[in-house]
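As numbered in the working numbering, residues 5 to 332 make up the sequence shown, in order.
Wrong hints could be hidden among the right ones.
Straight line, CA to CA, 27 Å or less: simulated BS3-like cross-link-like pairs of lysine-lysine [unchecked claim]:
id, residue 1, residue 2
1, K211, K190
2, K240, K211
3, K199, K211
4, K202, K190
Worth flagging that the hints you see were computed from the coordinates, not collected in a lab. Source: prediction; values computed, not measured.
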Amino acid sequence: MMRLLKTLLKVIISLGLFSYLVWISDPRQILDILGNVYHQDRVWWVVHALLLGLASVWFLAWRWQIILNAFGYAYGRATLYGIYLIGMFFNNFLPTSIGGDIVRIYRVADDTDERTLAFSSVIIERLLGIASTLLLAILALLYVSRFYKDNRLMIMAVILFLGILVFFGLMFRERPVAFMLRLFDKLTLLRIGEKMNKMITSIHLLKDNRGVLFSVFVLSALSQAMIVLMNYALVKAFNMQVGLVYLFLVVPVTFLLTMLPSINGVGFRDGGYIFFLGKVGVANAAAISLSFMNVIIPMVISIIGGILFMVQRKKSKLKEITAIEESL
Numbered sequence: 005m006m007r008l009l010k011t012l013l014k015v016i017i018s019l020g021l022f023s024y025l026v027w028i029s030d031p032r033q034i035l036d037i038l039g040n041v042y043h044q045d046r047v048w049w050v051v052h053a054l055l056l057g058l059a060s061v062w063f064l065a066w067r068w069q070i071i072l073n074a075f076g077y078a079y080g081r082a083t084l085y086g087i088y089l090i091g092m093f094f095n096n097f098l099p100t101s102i103g104g105d106i107v108r109i110y111r112v113a114d115d116t117d118e119r120t121l122a123f124s125s126v127i128i129e130r131l132l133g134i135a136s137t138l139l140l141a142i143l144a145l146l147y148v149s150r151f152y153k154d155n156r157l158m159i160m161a162v163i164l165f166l167g168i169l170v171f172f173g174l175m176f177r178e179r180p181v182a183f184m185l186r187l188f189d190k191l192t193l194l195r196i197g198e199k200m201n202k203m204i205t206s207i208h209l210l211k212d213n214r215g216v217l218f219s220v221f222v223l224s225a226l227s228q229a230m231i232v233l234m235n236y237a238l239v240k241a242f243n244m245q246v247g248l249v250y251l252f253l254v255v256p257v258t259f260l261l262t263m264l265p266s267i268n269g270v271g272f273r274d275g276g277y278i279f280f281l282g283k284v285g286v287a288n289a290a291a292i293s294l295s296f297m298n299v300i301i302p303m304v305i306s307i308i309g310g311i312l313f314m315v316q317r318k319k320s321k322l323k324e325i326t327a328i329e330e331s332l
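Build the full structure now, drawing on both the sequences and the hints.
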C-alpha cells in the first residue's frame, strides 16, 4: 500500500510540475519546435542522438561487466548490454513497481545462484555512476554559480559525493567492516543481518582490486559524456544556439534534479533545462522540447529491451523477479 502511495505521489508531482512548465512555455510553440525537425530535414541529428544513447548504455554494460568479472563471473558485454536494455524496458513501460535494477539482479542471480553478489554488483555500479556524475555536477555548479546564486544544489551534490566516498572508504577497511559484521550478526529479523553481511563481504572483496573502481568511475563518466553528446545532437536537430561545453555543464546538474521524487525525473529535469538554458537565451518552449526528448529517446531505445524480454521470456519470469524484489 505504501509503495502504491509513493508511486502515486511521484506521478502527481511529475505530471503537475510538467503540466505547469508546458503551460508557461506555450504548448503550440513546443509542437512547432518538435515538428520542425521533420520539416527542415534535421531528422539525421535525431538518429545520431539515438545512436549516442545506445552508446551510453554500452558503457554502462561495460562497467557492470568489470565488476562481475572482479567477483569471478565471466559475462560477455553483449549479454549484459541486452540485460541492461531489458531493465530500461521495465523502467519505462511496464505498469509495475519492478525497477530495471531488480531485473538485472534477477538475471545475474538466476545464472550464478548468488543473489547477494548480484545485488552488490548493481549497488557498486550505481553508486560509482552517481559519484562520477556528482563530480561533474560539482564542477559544473562551480562554473554556473555566476548565474545561479542559490547554493543548495551544490551542498546536496558535495554531501552525496562525500557520502559515497566515505561508504567505500569504510567498506575497504578491516576494522569498520569487522564492526559492521558483528553488528548485523545480531539482527536476525527476516535474515536482514545475514543479507547485509553478505553484501558487505562482497564489496570488501574489492579492497585489493581498487583499479576496478577507477575503471567503473571512468566508464560512468564516458557514459555521461555520451548523454551530453546526445543532447548536442538534439540541439542541432532543433537548431538551438547552445555550445557543447555549456551542455557539459547543464546535463550533469539537471541529473541532480532527477534524484528528487518523480517519475524518471519528469518535471524536475524540465525545470532545470528551462532555467539553465534560459541563461544563454534559449526560449522555454525550446528548452522543454530538449528535455522532453531526453525522456523519449531512452523510451525508444528500451523498446529493443522489450523485444529481448519477449524473446528471452523463459529467462525473465515476472513472478520470480517480483520475489527477488520482495526479498531484498
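**Prompt:** Okay, which hints does this one fail, numbers in order?
**Reply:** 2
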